[in-house]
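**Q** We have chain P already, so just place chain R on it with the hints.
From first to last, the protein sequence lines are chains P and R. Last residue of the first sequence: 169 in my numbering, with the numbers rising by one and none dropped. Last residue of the second sequence: 339 in my numbering, with the numbers rising by one and none dropped.
Honestly, the hints are just simulated from the structure, not real lab data. These figures come from a predicted structure and were not determined experimentally. For glycine and all other residues, C-beta sits at the position ideal for the given N, C-alpha and C. One or more of the hints may lead you astray.
What the hints assert, rightly or not - Derived DEER-like restraints, expressed as beta-carbon distance ranges:
| hint | chain 1 | residue 1 | chain 2 | residue 2 | range |
| --- | --- | --- | --- | --- | --- |
| 1 | R | Q233 | P | L87 | 40 to 46 Å |
| 2 | P | E120 | R | P310 | 22 to 28 Å |
| 3 | R | A202 | P | Q28 | 16 to 22 Å |
| 4 | P | E120 | R | R278 | 34 to 40 Å |
| 5 | R | E307 | P | R81 | 41 to 47 Å |
| 6 | P | A51 | R | R259 | 18 to 24 Å |
| 7 | P | S70 | R | R266 | 36 to 42 Å |
| 8 | R | E307 | P | R131 | 28 to 34 Å |
| 9 | R | R278 | P | R131 | 19 to 25 Å |
| 10 | P | A15 | R | V188 | 15 to 21 Å |
| 11 | R | Q286 | P | E88 | 27 to 33 Å |
| 12 | P | A15 | R | E307 | 56 to 62 Å |
| 13 | R | R217 | P | E88 | 54 to 60 Å |
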Amino acid sequence: MRARLLALALLAAAAAVHVLVTVPLQRQAAVDGDEYRRMRDQRRQLRSRVARLERAESLRRQAATVYGTSTAEDVVRLVRRSLIGSLEGVPVSKVRMSVRPGGREQVATSVTLNAEGDFEDVVRLSGHVVRAGSGLVLQSVTFAQRRPGVGLVVEAASPAGRSSPAGRS
Amino acid sequence: MRDFSSRPRRRPATGAEKVVVGLAGAMLLVSAAFALTAWREGRSVHARVQQARAESQAALTRAQSFETRRDAGQVLAAQALLTADAPPARVVSELARLMPGDVRLDDLRLVYGSRLQVEMRVSARVVGSYDLFLDRLERSPSFTDVLPGDENREGELRALVRAVWRGPGA
Chain P
1 MRARLLALAL LAAAAAVHVL VTVPLQRQAA VDGDEYRRMR DQRRQLRSRV
51 ARLERAESLR RQAATVYGTS TAEDVVRLVR RSLIGSLEGV PVSKVRMSVR
101 PGGREQVATS VTLNAEGDFE DVVRLSGHVV RAGSGLVLQS VTFAQRRPGV
151 GLVVEAASPA GRSSPAGRS
Chain R
170 MRDFSSRPRR RPATGAEKVV VGLAGAMLLV SAAFALTAWR EGRSVHARVQ
220 QARAESQAAL TRAQSFETRR DAGQVLAAQA LLTADAPPAR VVSELARLMP
270 GDVRLDDLRL VYGSRLQVEM RVSARVVGSY DLFLDRLERS PSFTDVLPGD
320 ENREGELRAL VRAVWRGPGA
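Pulled out of the complex, with its shape left as it was, chain P reads as follows (with noise of 0.2 Å):
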């Protein structure tokens, strides 16, 4: 009878640990889990936006490098032959260009190249305008229809040298 007693109550404590103490822990561990995966995609989709930020002030800060220690006019004159360089064997016409210093915070110069050409020709000039190296980002690119050819229109500036706080690291 005692024996029989004995497995009764080892059997009711056996059970009581299971429901009293590892089904609310799994339960918690299982919320835990949840949470956790909610977590991990978030740290994932912000350690992807912060990398692409990071990347974008590099790029901001290597593109200023490029002129960053030149005077305004140097910088003017720099990027004219940068220009000039960029068109040298393109097939273009019509090309009128201006490059102006300065135009907004933080630019150093303005850039505004005009030229028509076959529509791969004028596709190529306007990226190889903003190559790397060149110190300038686009701002606005038109291809407007011309009889014949295509007609480009590239906005471009090139930021000045000063690296923004958050940048720094």
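**A** Relative to chain P, chain R alone:
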């Protein structure tokens, strides 16, 4: 020595009862082991949640340090990124890929800001081709916020379409 008490003598546990007690004891041990495992697992998951939360917070703070700047430098940074990742040739090539043979790009304007806005005038001899182009544009992973504008469906179709680049550089 003889037992003269009136209390009935306790029967010794049978072998079967001993086995049942043993099994019950084993179940208690197993139950305790499960509880311990669940507790350890819970602690580990909780620690991971705390770590992920702290790292998310740090990343959010870092992102906000960039995004709360509303100066020209922030726009220039976005333009520098879009210039590198979405040069005109890439956007044009993506548009060309979506255009049925009948649809022609007449004018195209790309505005590089915090996002790359695309504005185009297209023409098509067959109206259905333009509809197909719009459908492809809307489904394309490279573009978002597609907004059809003025549309002339008399004779050769001419229409204005706006969209936003959503490629990796967007």
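**Q** Which hints from the list above does the structure break, by number from lowest to highest?
**A** 4
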